Each structure stands twice: as structure tokens, then as C-alpha cells.
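Colleague: Between the sequences and the hints, there should be enough to build the whole structure, so can you do that?
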Amino acid sequence: MTGSLIYKFIKSLFKIPRSLTGDGVRETLAKIKNEHIPNLSIYEIPSGERVGDWIIPNEWNIQSAYIKDLEGNIIVDFKENNLHVLGYSQPINKKVSLKELDEHLFSLPSNPRAIPYVTSYYRNNWGFCLTDLARKNLKDENYYAFIDSSLCKGSLTYADLIIPGKQKEEIFFSTYICHPSIANNELSGPGLATYLAKWLNDRSNRFTYRFAFAPETIGAIAYISKNLKDLKKVHAAFNLTCVGDNNSLSFLPSRVGNTVADKVARHVLNYQNENFKEYSFLKDRGSDERQYCSPGVNLPMVSIMRSKYGEYPEYHTSLDDMEFISPDGLDLSYQIHLKCIQILESNYFYKSTILGEPFLSKRGQNHTIIGGIENDESKSSQLILDIMICCDGSLDIIDIANLLGKYAFNLIPIFHSLEEDGLIEKCE
Amino acid sequence: MTGSLIYKFIKSLFKIPRSLTGDGVRETLAKIKNEHIPNLSIYEIPSGERVGDWIIPNEWNIQSAYIKDLEGNIIVDFKENNLHVLGYSQPINKKVSLKELDEHLFSLPSNPRAIPYVTSYYRNNWGFCLTDLARKNLKDENYYAFIDSSLCKGSLTYADLIIPGKQKEEIFFSTYICHPSIANNELSGPGLATYLAKWLNDRSNRFTYRFAFAPETIGAIAYISKNLKDLKKVHAAFNLTCVGDNNSLSFLPSRVGNTVADKVARHVLNYQNENFKEYSFLKDRGSDERQYCSPGVNLPMVSIMRSKYGEYPEYHTSLDDMEFISPDGLDLSYQIHLKCIQILESNYFYKSTILGEPFLSKRGQNHTIIGGIENDESKSSQLILDIMICCDGSLDIIDIANLLGKYAFNLIPIFHSLEEDGLIEKCE
Amino acid sequence: MTGSLIYKFIKSLFKIPRSLTGDGVRETLAKIKNEHIPNLSIYEIPSGERVGDWIIPNEWNIQSAYIKDLEGNIIVDFKENNLHVLGYSQPINKKVSLKELDEHLFSLPSNPRAIPYVTSYYRNNWGFCLTDLARKNLKDENYYAFIDSSLCKGSLTYADLIIPGKQKEEIFFSTYICHPSIANNELSGPGLATYLAKWLNDRSNRFTYRFAFAPETIGAIAYISKNLKDLKKVHAAFNLTCVGDNNSLSFLPSRVGNTVADKVARHVLNYQNENFKEYSFLKDRGSDERQYCSPGVNLPMVSIMRSKYGEYPEYHTSLDDMEFISPDGLDLSYQIHLKCIQILESNYFYKSTILGEPFLSKRGQNHTIIGGIENDESKSSQLILDIMICCDGSLDIIDIANLLGKYAFNLIPIFHSLEEDGLIEKCE
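These protein sequences, in sequence, are chains A, G and D.
Every letter in the first sequence is one number past the one before it in the numbering used here, and letter 269, counting from 1, is 269.
Every letter in the second sequence is one number past the one before it in the numbering used here, and letter 46, counting from 1, is 46.
Every letter in the third sequence is one number past the one before it in the numbering used here, and letter 134, counting from 1, is 134.
No lab work stands behind these hints, which were simulated from the structure alone.
Any given hint could turn out to be false.
The calculated DSS-like cross-link candidates involving lysine-lysine, where the alpha carbons are at most 25 Å apart (straight line), are [claimed, not checked]: (1) A:K166 / A:K79; (2) D:K229 / G:K351; (3) A:K351 / G:K229; (4) A:K232 / D:K351; (5) D:K232 / D:K139; (6) A:K153 / D:K362; (7) A:K351 / G:K232; (8) G:K153 / A:K362; (9) G:K68 / G:K94; (10) A:K426 / G:K232; (11) G:K277 / G:K339; (12) D:K232 / D:K31; (13) A:K406 / G:K198; (14) A:K426 / G:K229; (15) G:K226 / A:K351; (16) A:K79 / A:K8; (17) A:K33 / A:K15; (18) A:K406 / A:K339; (19) D:K31 / D:K226; (20) A:K226 / D:K362.
FRET-style restraints, in silico, Cβ to Cβ [stated by the list, open to error]: (21) G:G48 / A:V256: 52 to 60 Å; (22) G:K233 / A:K406: 34 to 42 Å; (23) A:K406 / G:G48: 50 to 58 Å; (24) D:Q342 / A:V256: 24 to 32 Å; (25) A:K68 / D:E419: 33 to 41 Å; (26) G:G48 / A:E274: 25 to 33 Å; (27) A:K68 / D:L383: 39 to 47 Å.
Partial pick of chain G residues on the chain D-facing surface, computed with a CB cut under 7 Å [claimed, not checked]: (28) Y43; (29) I354; (30) G356; (31) E357; (32) P358; (33) C391.
Quantities reported herein were computed from a predicted structural model and do not represent experimental measurements.
Note that the Cβ used here is the ideal one computed from N, Cα and C, for glycine as well.
Modeller: Set out below in C-alpha cells:
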């Protein structure tokens, strides 16, 4: 099961201290490239460069961090969980009163056993994140706060992969690399992207495939500003996020809402055993579709997810860990995205080449009717006639499958056989 | 009542042994031409000729057929009912065991008093159709099976009629001639077509009218392949089938579903006293609209029926006979199709020629309002104003009637009078 | 409160005996011009001139009228209420039996305390309108019927006002002047028009504003026939009628139904505290939108009303008086129309000038998320991002407000600030 392989790979990335920039991102991308996708290209954009309306910030790296009481007991330690440090914390090495320390602590009273994930990318600050239980145990005394981090000119790191196909039109997968030890809302995406890319790398494809791995938000904006011309060729796009748990299926449509990406995603989701919940782009968007679907870029990008970001209590906390996701959860996401790819690869507009119905008797299909009651054999003949009557050049395979209440993936062989028989032909 | 005349004419055709080809079709068409439509043209297409994806089969004729027991008792006799023989049976003259005979018998256990209608046009076979009651009476002994038929090179016969009008655009009626002694699902169609053609032959018409009489399926495909260019001029088309019984009203829309034929048919059906059931083209089609609405032909063809083929227990059995249909049933079908014709003849897009409302007082229409309560007289004025405000050139008479909740047929005189008054004019 | 000023002004016009033509109209228009809108232009069209399908009738003026019994007691007196005389009554001075008089009396049995408003513009007649109670008190004796009126060649009077703006496209307000002492269904309209014009006269506007004051129906037709070319520039139009009472809010859409006038009116009505009832143009129209929305003119004209004409028992009777309307009722109508104006003045199609989202941190907007829970501060940031993602050039401010579930009036400052920041720009 591919889901197990993805799970195992993700596990090997879990402890790497990723952030918006820095060596954690580089180490993660290097493992993807070295272990799975040798044709991955890795790029750096220097701090201070303008991308879209944004400016690449200084690069942040961190060695260690802790809070220690005056007796030398370590209360909070970055080594144990890299969520313990406020992302982009400035270095600090200072004795502080509880009162002063408290202004730099983040915890979740409503979820007292979770360490929250907090960042301060664009406002200078330092801080520690801890469970609310631990915070309540702090005493009204002095502590040592120590963060060995650096925040200096450097660069933002991202990667992409192009797998050329017969057509220049592209299918685009985007995923983000910037959260530290978070499983569903970080690593499930790059993990799935890696294994989809491996599958496509081994094949000859109709479409050109593009994968982008970049920090969320500013990384996507940077990727757009470097690749806008190529992105105009995107035929369908998928944002890979929150694809790892096993609780539910979620769908976030594109901004426009009725692109071919929306069509194939809704169709495939409708043929899963489980229900899915469709969210609203306007009300519920929250990942890189905010950039890729923005008016000036306007990609047909959808997100097919398990538990959606912001909609599960473990979201953006230490509880979104390797136990929250599962091989089964990842595997269904993998299968669904593969079905979308396979349907899109075969999704053409066909038109009938003949006048009236085909002569099925001649073609080895018999159709006997006794007293108005059709025999079983005729059912597959009927499906062929139903498909043929829809092939008017205005409907693609997914449209026809929707009209006939059938799963497009199962109709593909029939379309291929009708095309071989010369009964239908592709429209240009 | 025209329905009685149609009924009487159908009765005279009932016993003729029609099939896909052969003298039964010729005799039926000859009676239509000689007794009612002298301008009918009759055509033959030789066996072996290709039409669409199909090939014209050999011609089939039959003189007599029976099953006899060894004592000489005739058990099943073609003379009694021409449904007793499997359509396109090869000749046979052979002593057979019950076991062998049984493989060539067709009956309906679910409808034990009915002889089913079965054919084997494109697979060599011979057989007899009988009631399930009669079949159960057969004893385990030997029988003589005798069929005096011929299956040789010949031709497929069809006919058409063109009644030229002021415009080249055509209204097209199609009906089929190929079932032997079946009333609703065969002769009601040609009977209605004959009397609609007689009515139109006597008049000067706006549209050109075309009628086709051909065997179902392959006959329609043949007609299309001979007349495709002319069929491109069709403005509205009606398939005449199952128009004879008195049980219900049924409507099968065109493939596209919103053509002017669909519009006029739905409108007229909405103004009948009875409800009608609208079927789905994709799920329920089954007659020559399968050919005429196919993507390469794409006619705006609908079917206005009584009990729809496949939807009544007598369908495709000996019980679909002259007692199943009635003069009243035929008459309502005749009236409905006539209303469709009459509305289409007057159905133009009009636009108002004046600015604002017409000055009805000047035109002999008075409109007095006392304390906000309009008097009765004003209602017809109001209808005129309602019509005038809709005449913006984008709506035809049926659209306007639908908007106003009125029967288009009743509005025609008002449109004519407004046009005579110069208040509205036709759009080109 | 502007509603009080409008109410006071209307009161000063209430007793003037207006009709389709004559000095009552002139006196009303003169007061509007002299007291409020010096730039109002007043026009006369001579009797007999053709406008649209209509002909300007003779001018009607009246000095006095009464019914007197033979003892000299005045039973019905024009001096008391100018509704007592049938509009356009010919002069009469005659002793009449009750029977003869009765044929010239109009009353409302269903509303016995109301004097109905009745006219006979295009059929020669004379008559008196009275309460049904008074009518029942008449005795079977002779009376004197006296009407001192004149009906001779003269002219029809109307007025308009153009307030030039930066753009040639016009916002058009129409209202009618022809009913005598009727408050909601007459004077509320001109009163509101006067105060909207005063407000606009004091400002520099984007759109050009046009106001027309004319007798209902024939006056509107006359106005159209004199100004058709200019009316083609109308961007949105409002018919001002029945805007004075305090009972409800009503909306009559334009003929086309989805113009920018419909859009802004529905939007503003949706953000009032009260519900509103939407009527059907086709079934419920009844004022000058019948002319302005007619096919040859086709203005995007809507009516935002309080109690709609024809829908309240006081309509077209003496009970539609100064007590039926109120300063509060007028004020809400004033505020609603002002909001429509203000939104239209700012209603552009904007497109984002940047790729992806704006960098709000840089722009002084902060967005901190702790464990998936957004802080309050982020809500306004979110609104900016929501607006920006909608600025694709295909949606105007009202469309975007509708998508986001916000009141467009409140979004205007945000759009202005985003435009100043260079993040969005107007589409041509």
C-alpha cells in the first residue's frame, strides 16, 4: 500500500526544524530529491528581494532553546519538540521575572495538553509555546530564557519539478514546506506530492506535470512571481494539504468554482464510499489557493483534503502529529488524486462520426427484446448507445459520465474502444 | 370527428403483414398514397447498400406458417395472427421434437394471454411466438414446423411527402412502418401522419412540411443518409408513435431539450385538460428520435404520445390491437398536433413600434378605474398592454404566452390585430 | 430630519387642484422651482400634438363645482375637497332628477367613508365623487348640478432638471404631477424628488442627474418622445411614487429585472431594518415604469416604495391624505434613495494590481494566529483579503458586497483606501 510508504517517509522528516526559511527547509527538500525525485530543482531567493507585494525576510536558523529555573531545571526544551519556540524568535539569553516571561509565552487554555504552533515572521519578538498545563505550573520566580537563533540576510528556499508530457498544458500540484513538527497540516502534503511525482516520473503522460514545494503564502507568491508565464498553461491544479488523517473527506473548490479541476475532483469524490464536505472558497480558503487563485493568477486550483485545516482541534498544535495521520488516510488521498490524474489524462471532447446509432449487431452486440422486456445482454449495448448519443462534441468524458450517472474512470475503456472502432473522434 | 376517420383507416391496414422490408410495407404505403395522399413519393433501397453505420438487409416475405401436430391439428397459425411468426424467420419444413421446437418458441410467462412480438433481423433464426397458455398445452411429442418465407436480395421501402410553404424552413413529421398487427405502437403513427398531411395539403402554409414513413431504426437511418442536407432546414420535428390509446399523455423531449419543438409541445400539453408525464430523452428514448436527434443529425424532434412505448403492459404484444386504441384517443392526438402546427405557423418574434404604451382610448378600448378597482372591461385592455410590454423582439408568441400564463393559441388573434394596427412588427 | 422638511413642503401643495393639464400643475411646478430648485426647466406641449401613440388632450381648468338641493343646501362642494369632481368634467349647470344625477355619481360601497378619485380624460362626461354614506342620504328629488370648468385648447405642462456630472451617463428620477389632493400616490413623489435634487445640486457628482416631473402616463410618454436620445444615456432610473407612508417597504423591479438599478435597490433594501416585498413587473406594474421600461425605451427603472399603489385601501381615495403619510415615512424613503445614489457614485469594477495577497504586515495590518484561533484584530485584515480576492474586474462593489454578505455602503471606504494604496485599480 503506497499509503504506508508515504507514512514512513513522512516520519523520517518529522523532527526537522522547518520554518519559512532556513536549513530545515533545505534538509527536507534534499531528502525528497535524494531519496525519491532526482529531477527536483531547488532554488534560493535572497532576503530583501521583492516578490509580488511582499519582501523576502531575513533567514532564520535555530540551534537550541530552553527555559530554565534558577535551580537549573529545564522547564521547556526545544530539543523535545521544535514547536516550543515561537517561529522566527530573536536570540535571547536573559534572566526574566515570571511577569516578563509570561508576555512571551503562548498556550491554549481551551486545549491544555497541546503546544500551540505560533510564529512572528514579520514583527520582531521572541517567545516560547507550551501546554497550558505546563504554563500553570510556573511559579512566581525568576527564570532563564535562552534562544540560540540567528536572523540574518540569507535566502528563502523552494523547489519544483517539471515532467514534460505530450501536451504543453500542465497539471499542477502545489504543497508547502514551512511548519516544523506538524504532520497533517504540513508533511502529508509533501509526502503525497513526492509519491504522485514518482508515479508520474515512471510514465509517458499526455499532460506536462508541475510540482512546487515552497513555504506557504510568501513561498507561493514567490513561486508565482518567478513562474507566472508558465502557470498560464495550467489546465488543472491541486493544492496538497491536510491529506493524511482518516477522519473525513473535504473539498475546497477553486475561486471560479466550475473549472475542470473542480469537475474532476467533485466527480471522483462522488464515487468514493465516504461522503465529503464541500467548503466555500470565499469563506473557508486558507492555504496556497489564496495565492494561486488570486485574480491576477487565477489558476483552476482545488484542494481535496481529509480533515481540513482550521476544522479539527489538533490543527496548528503538537497534537497534529504522526499519530493523528495514518497510512490508510494517506492511501485514500493518494488513490483519489491518482484517479483525478487518470481521468484527466483520458478526458477529451468526443463527437460521433456516424449518422444515427451504430449497428451493434454487426459489431457483435446483440439486442433482443421480447415483449418489451430487454435481456441482460442489452444493458451494455444500451450503455454504448447512451455514450454515443452524448458524443456531440460539447461534452467531455466527465460530463457524459455525470449525465449517465456512471463513474468516468470506468467509462474510459469504452471510449477508447469506440474511438478504435472509428465511431467517435476527438474534437480539437 | 377526425379520430374516427383515422381509426377506420387504421383498421383497414391492421392485417397487412408488415416487417422491416417486403410487400407488407409496400401494400401499406400504397393504400396511404392511393386513398389519401396522392403526392406521396415511394422509394426503394437495395439490399446490401450501406446507410450510416448500417447495411440494408435482405428482403423478407412470408406466405404462410404453422405448427401442426402429427395428427394434422394446427396448433399455431400465421393466418390467425401475423405476430405468430418470429420476424425475419428463415423458411422451415421439418418434423421436430418438442425439445427442439421449444428452442424456437417465444412466449411471455408474465403475460400468459399475450402473443409477444419478436424479431431476429440480423441473426439467422426461425421461430414462433405464442401465448404462454398455448405453449404450456404442448405435449412431449413431435410436431411439424412449417414456415413458407423467403429471405433474399430485394430492397427496403420507405416514403415521403413534401408540402412546400412560403418559407424553406421545414416542420418534419416522422413515423414508422415495420410492425405487423400492432395498433398503438405502429399504425396510430402512420394514421395520424396521413390525416395531418391531408389537412396541410389543403392549405397554404408558412412552413414547408415534410413527412417520412419508414421502417423504424434502419429506415430512419436510411432516410437521414438520403436527406441529410434537406433535414438541416428543419425548424421543428415530431415523431409520431403511440398516439392512439386513451389512457394518458406522454412527452419525450428532444436531446437538446429546449428547442422550439420542445417549447410548443410543452406549451400545448400544458393547456390540455389532462396532465402529461414528461420523460427523459437520455433514459427513456426508444423510437426514431434516437436517430434524428443523434449528434450528427441533431433535429429538434419531440414525441407527443398517449401511453408511451415500453410503459404499458400491452406493448409489443398481440394485446396492442384495435381495441387498445380508440377514435377518442386518436382524436386528441390529432388536435394536439394541429395546435402545435397552428401555433408554429403564427409564432414570430414581435417588437413594439411605439414609445410607451398604446393609446387604447383612441382605439376603442376604455379603462376606468374607480378607487383602485378596475372594471371588467379593462381586463382585455390589460392583456393588450401586457402583450405590448413583452414585444421587445427577444420573445416569440409562445414565450410571451408562457410569461403571461395564457394559451398561445388564444393570443394569436390579438397579435394579428396589433400588427394590423401597426403597433407591433415582426423581427427578421 | 429631512423627512419633516419634505412633509412640510408637501402640505403646502396639498390643496392645489392638479389634473392632467391646467393651472394646478403649473402652480405646483412653480412652487418647486421658486422655493427649492431654481434650475428647474418648465415646458408646455400644445393640445393636439402627437406624442408616441397619444395625442395631447385639451387643457382642463376648474373654478368651482357643487351639488345643491332645491332649498339651496350645498350637498357636495369642490371647495371642501377637490376630489369631489370627476377629473376632466365638462361644465354643467342644470337641474337634474336624482335618477339622472345618480348616473354621474361615483362612490365606493366597500369603503363608504372615502371619496373616490375618478377621472374621464378621454371620454366626455361630467360627474361628482362622494362618500357612499353621503350618496345614500340623497333623497328622491331634484338637485342643481353645477361645474364651472373649461376644456379647451391649451397645453400639457411638465418640468425637468439636469445636474451635470463628471460622466455623461445619467441617473434618472421620474415622478408625476397630476392627482389633486392625494398625498402618498402623488405628492410624496415630487416632494422626495425635490429634496434629492437639492442634495445633488449642492455637490460635485460622478454621474449626471436628471429629474422629470410630468403628468402620469401621457406626461411620461411626452417626456420620452421629447428626450429619447438623452434617455439612452441612463445608467439607472428610479420612479418616485408612494414613498410617504410608514407601513411597509415595497419594490418593483425593472422589466428586464437585473439591471444595475435593480441590483443597487435590492441591495440597499436588504440592509434596512424592515423587510420589503418584491412585486412582479409583469403582474404589478402600474406607474410610469410602464412607459420608461417599455421595449422601445427600455430604461433600467425601478420603484422603491412604501405602501405600493393599488395595494392599500386608502389608494385613489380621499383617505390617501396628509395623515396617511408621515415625516418618518418620507425620511426613510429619502435615506434609502440617498444610499442608492451614494453607492452608485462609488460603484466601479476593480481589479487587483498585485499577484497573490497583499503584504498586510508591511501595511500595518497584523494577523496573528494561535492554535488556529484568530484574534479579533485579524477580522478587518480578513475583510481586506476577502475584498482583494474578489477584485477580478468582473464584479462591481455591489456584487462583491453581496458575495461577502456585507453592506456595500460600508465597504466604500475600504475600496477607496485599497485604490489609494495602489493594490486595486478601476477597470475601464
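Colleague: It remains to establish, for every hint, whether it holds in the given structure.
Modeller: Checked hints:
no.	hint	result
1	A:K166 / A:K79	violated (49 Å)
2	D:K229 / G:K351	holds (19 Å)
3	A:K351 / G:K229	holds (19 Å)
4	A:K232 / D:K351	holds (18 Å)
5	D:K232 / D:K139	violated (58 Å)
6	A:K153 / D:K362	holds (18 Å)
7	A:K351 / G:K232	holds (18 Å)
8	G:K153 / A:K362	holds (18 Å)
9	G:K68 / G:K94	holds (11 Å)
10	A:K426 / G:K232	holds (23 Å)
11	G:K277 / G:K339	holds (19 Å)
12	D:K232 / D:K31	violated (30 Å)
13	A:K406 / G:K198	violated (46 Å)
14	A:K426 / G:K229	holds (24 Å)
15	G:K226 / A:K351	holds (21 Å)
16	A:K79 / A:K8	holds (22 Å)
17	A:K33 / A:K15	holds (18 Å)
18	A:K406 / A:K339	holds (14 Å)
19	D:K31 / D:K226	holds (24 Å)
20	A:K226 / D:K362	holds (21 Å)
21	G:G48 / A:V256: 52 to 60 Å	holds (54 Å)
22	G:K233 / A:K406: 34 to 42 Å	holds (36 Å)
23	A:K406 / G:G48: 50 to 58 Å	violated (37 Å)
24	D:Q342 / A:V256: 24 to 32 Å	holds (31 Å)
25	A:K68 / D:E419: 33 to 41 Å	violated (52 Å)
26	G:G48 / A:E274: 25 to 33 Å	violated (56 Å)
27	A:K68 / D:L383: 39 to 47 Å	holds (43 Å)
28	Y43	violated (49 Å)
29	I354	holds (5 Å)
30	G356	holds (4 Å)
31	E357	holds (6 Å)
32	P358	holds (5 Å)
33	C391	holds (6 Å)
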